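Protein chains: 2
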Amino acid sequence: MDFYDGTSVNTLQVVYTKELANFDSITKIHPGSAIEVKGTLVESNGKQEYELKPESINLIGDCPTDYPIQPKRHTVEFLRSQAYLRPRTKLFQAVFKIRSIAAAGIHEYFQNNNYTYVHTPIMTNSDCEGSNQMFKVTTFDLADVPKTEDGSVDYTQDLFGKEAYITGSGQLHGETYAMAFKKIYTFGPTFRTEDSNTKTHANEFWMIEPEMAFTHLEGLMDAEEDMLKYVIKYTLEKGAAEIEFLNQFVSKGLKEKLEKVANSNFVRITHHEAIDLLLGSGEKWEFTPDYESDIAKEHEKWITEHFGAPVFIYNWPKDIKAWYMKLNDDGKTVAAVDLEVPGSGELMGGSEREVDMDKLEELIKIHGVDRSQVEWYVNLRKFGGCYHSGYGMGFERLIMYLTGVENIRDVIPFPRTPGNLNY
Amino acid sequence: MDFYDGTSVNTLQVVYTKELANFDSITKIHPGSAIEVKGTLVESNGKQEYELKPESINLIGDCPTDYPIQPKRHTVEFLRSQAYLRPRTKLFQAVFKIRSIAAAGIHEYFQNNNYTYVHTPIMTNSDCEGSNQMFKVTTFDLADVPKTEDGSVDYTQDLFGKEAYITGSGQLHGETYAMAFKKIYTFGPTFRTEDSNTKTHANEFWMIEPEMAFTHLEGLMDAEEDMLKYVIKYTLEKGAAEIEFLNQFVSKGLKEKLEKVANSNFVRITHHEAIDLLLGSGEKWEFTPDYESDIAKEHEKWITEHFGAPVFIYNWPKDIKAWYMKLNDDGKTVAAVDLEVPGSGELMGGSEREVDMDKLEELIKIHGVDRSQVEWYVNLRKFGGCYHSGYGMGFERLIMYLTGVENIRDVIPFPRTPGNLNY
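The listed protein sequences derive, respectively, from chains P and E.
If you count the first sequence from 1, position 54 lands on 666 in the numbering used here, and the numbers rise without skipping.
If you count the second sequence from 1, position 53 lands on 665 in the numbering used here, and the numbers rise without skipping.
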């Protein structure tokens, strides 16, 4: 019978014979049951290198025939409806093992390279990234929210005495620690209220947000490239069996793709150069490439295929990027950089941060950021500030890239999407 | 001048002379400024082994004299009010470096021992740990919550279409993954609405919750002891300079305490034996030790001092413990275990989980748990269930223990406590 213990996507054949006292009852064990086997590993004549010759097989937990996961092909859609059982299937054994391995690789990389791990707060009252995208948090009974005389919410009666959200990013808080520890990283959950049902959006996801003092845009790209290559190599090594499985059954060519990227030199071009290339490509575009605009998915795809390698696109038009990014000397672009990877599009986004107090104050005004809420952030520039840069990587994006799985719902143990808060 | 770069709590003396062209301006650099120094490490005649002989010193970011952190002794209370700047002080350099190191040690331990890291969900609709202790999460405008005709909240209009909370524990979700991967651990933020201002309570804190299939109570204690010793040794090694500093300035004897624990054998006694000891101790207790009740702080203290080692207290009266804990054969106690450590009290709590369907159904009724919300949890016992155990460790508790810092507000970068949601 097929036996697994959760330590590898590979199962072990337990070849039992009538010599076992409880042979008859063993033959009646249902798929999905928990068993305890004692025996000896012996060389196998079958497809696997080893098989287990059991001395005893004991049933620990039976599994009735209405068990939803039967030894046949189930669709991922069906398995999503069984989120608490699906990690017992080979596909999700592989995916969630890779998720664990990649997380370990990320920590190892940053720790080895002298980054300090910081737990930036989850609950926050700073809505500078747009409170319309943030979940509200409260201890109020929603059926009976206390109001002041003028009919507005009486937050003084809430636990924190003010409006509270769960965070969409730890970056601003991370910067305060980069000013103390030089290099820091976060690795924690983030939340967006986006009411969008696509393959790549979830309302809860994990982010890694490193921030480095004394680092300009070039150093930022170096840091991103170094990290990504390390994590890919780490995953290929520690998750070899899982990558092999995914390569065979989920995404042909996955292993080769990852090995190639881990050993490539990432391309670095400006946004302007990217638009030049797109306009000169002779392709018919659904969205016309434009020097003042973001690039579309079709553009990302073409560029990474054109170079056959990950591509950093930097110096973006300032109006389409965030308020805290460093304005370049041209007055038109900011020192922002996106990393586009073949087959997946944008994997990381980062920038050098604006440290010029006057420019920052102006950007805060232009973008309509509430100055009182970012007083402490502005002060980082006042008190011993220095040039610094940081980036963000969506952890689920990385896992999709590493596993070849195309729907974000299939790389999160219990995904949260609009209308879906089961378990 | 005193110089640090965030990689160690130890600062470096930069001994500059008039030979430097900008000598005059260097003498005027304010405390807290960001500088860039190029030079050579040379042996020092001072207290430190090395000092830096600079070739150049450049001011990157000036720091005006209204900088709140001046080179003098500040109280921790004052520094709490400067949470975004306090990591630049020696105390918080040490504390938050240890926090990063301990987190890395935890990941390394579990990964090396074949545990799979699982990101259990933060947002959940499962309130089986008591929704009165959980923060509510919503996309509603709190000033104008949609109501149904009967005046109750119309959750169908919220993003998830139902009530949502942020989690107080990942354990139940973690168990589903332990049934797939055998050994798993979580490491993520958790939330409680507790309106309590003590040194040990925060509304947001990080927890580690390992869960192990095929593990009874003895194995659970083995696993806890092994993990804690590993993390202490790891921290002593990787955070040697920080522990030295904390030992000298925060908690005399800290280093010896940690070394002793890392090399001790943890004591294991039942709750009944603990009460016997307390009653027979001849001490005058504020709270009389009782076979049916929890033990008080004064009891924890006496027990750990009595043994001079960490003490596992197991088999607790069932009525004071959680509903999912395994009922022992005596019908009176559950297979729960708390770990008490000298100088800090309870550091971990765990139990074997109830896997007998009938007993579990009864416990759910007795404790008034909403059966419909834990259907999937109960089903873990139905579909190939097995005996299993798990524990929880509050990460901040551990950091307080490792650093000797006594207030939880001083081991969290931006602490959240009642009335305090700054930054």
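None of these hints come from the bench; they were simulated from the model.
Do not rely on the hints blindly, as some may be mistaken.
No copy labels: a pair is met if it fits in one copy or bridges any two.
Claimed, not checked - For lysine-lysine, the following BS3-like pairs were computed, each having C-alpha atoms within a straight-line distance of at most 25 Å:
#1 K872 <-> K684
#2 K994 <-> K640
#3 K684 <-> K994
#4 K896 <-> K845
#5 K994 <-> K650
#6 K811 <-> K774
#7 K994 <-> K702
#8 K640 <-> K630
#9 K759 <-> K774
#10 K845 <-> K913
#11 K665 <-> K971
#12 K913 <-> K650
#13 K640 <-> K864
Predicted, not measured: the structure shown is a model, and the values here were computed from it.
(request) Please work out whether the CA atoms of K845 and K913 approach to 25 Å or closer within one copy, between two copies, in both situations, or in neither? (result) Within. Shortest intra-copy distance 24 Å satisfies the 25 Å Cα cut-off; inter-copy 48 Å does not.
(request) Measure nothing new, just compare the shortest in-copy and cross-copy C-alpha distances for K994 and K702 to 25 Å and report within, between, both or neither. (result) between (54 Å within a copy, 21 Å between copies)
(message) If the cut is 25 Å between Cα atoms, do K640 and K864 qualify within a copy, between copies, both or neither?
(response) neither (37 Å within a copy, 63 Å between copies)
(message) My question is about K811 and K774: at a cut-off of 25 Å on alpha-carbon distance, are they close within one copy, between copies, both, or neither?
(response) between (35 Å within a copy, 22 Å between copies)
(request) Measure nothing new, just compare the shortest in-copy and cross-copy C-alpha distances for K665 and K971 to 25 Å and report within, between, both or neither. (result) Neither, since 72 Å and 36 Å both go past 25 Å.
(request) At 25 Å max between alpha carbons, let me know whether K994 reaches K640 within a copy, between copies, both or neither. (result) between (74 Å within a copy, 17 Å between copies)
(message) Within, between, both or neither: how does the pair K759, K774 come out at a Cα-Cα threshold of 25 Å?
(response) both (13 Å within a copy, 24 Å between copies)
(request) Measure nothing new, just compare the shortest in-copy and cross-copy C-alpha distances for K896 and K845 to 25 Å and report within, between, both or neither. (result) For K896 and K845, neither the intra-copy (37 Å) nor the inter-copy (62 Å) Cα distance is at most 25 Å.
(request) Have a look at K872 and K684 and pick one of within, between, both or neither, based on CA distance no larger than 25 Å. (result) Neither: 34 Å inside a copy, 54 Å across copies.
(request) If the cutoff is 25 Å on CA atoms, where do K994 and K650 land: within, between, both or neither? Let me know, please. (result) So K994 and K650 pass the 25 Å test across copies only (24 Å; inside, 67 Å).
(message) If the cut is 25 Å between Cα atoms, do K640 and K630 qualify within a copy, between copies, both or neither?
(response) Within one copy only: 13 Å inside, 89 Å across.
(request) At 25 Å max between alpha carbons, let me know whether K684 reaches K994 within a copy, between copies, both or neither. (result) between (63 Å within a copy, 20 Å between copies)
Figure legend: structure checked against the earlier numbered hints; hints not met, in rising order: 1, 4, 11, 12 and 13.
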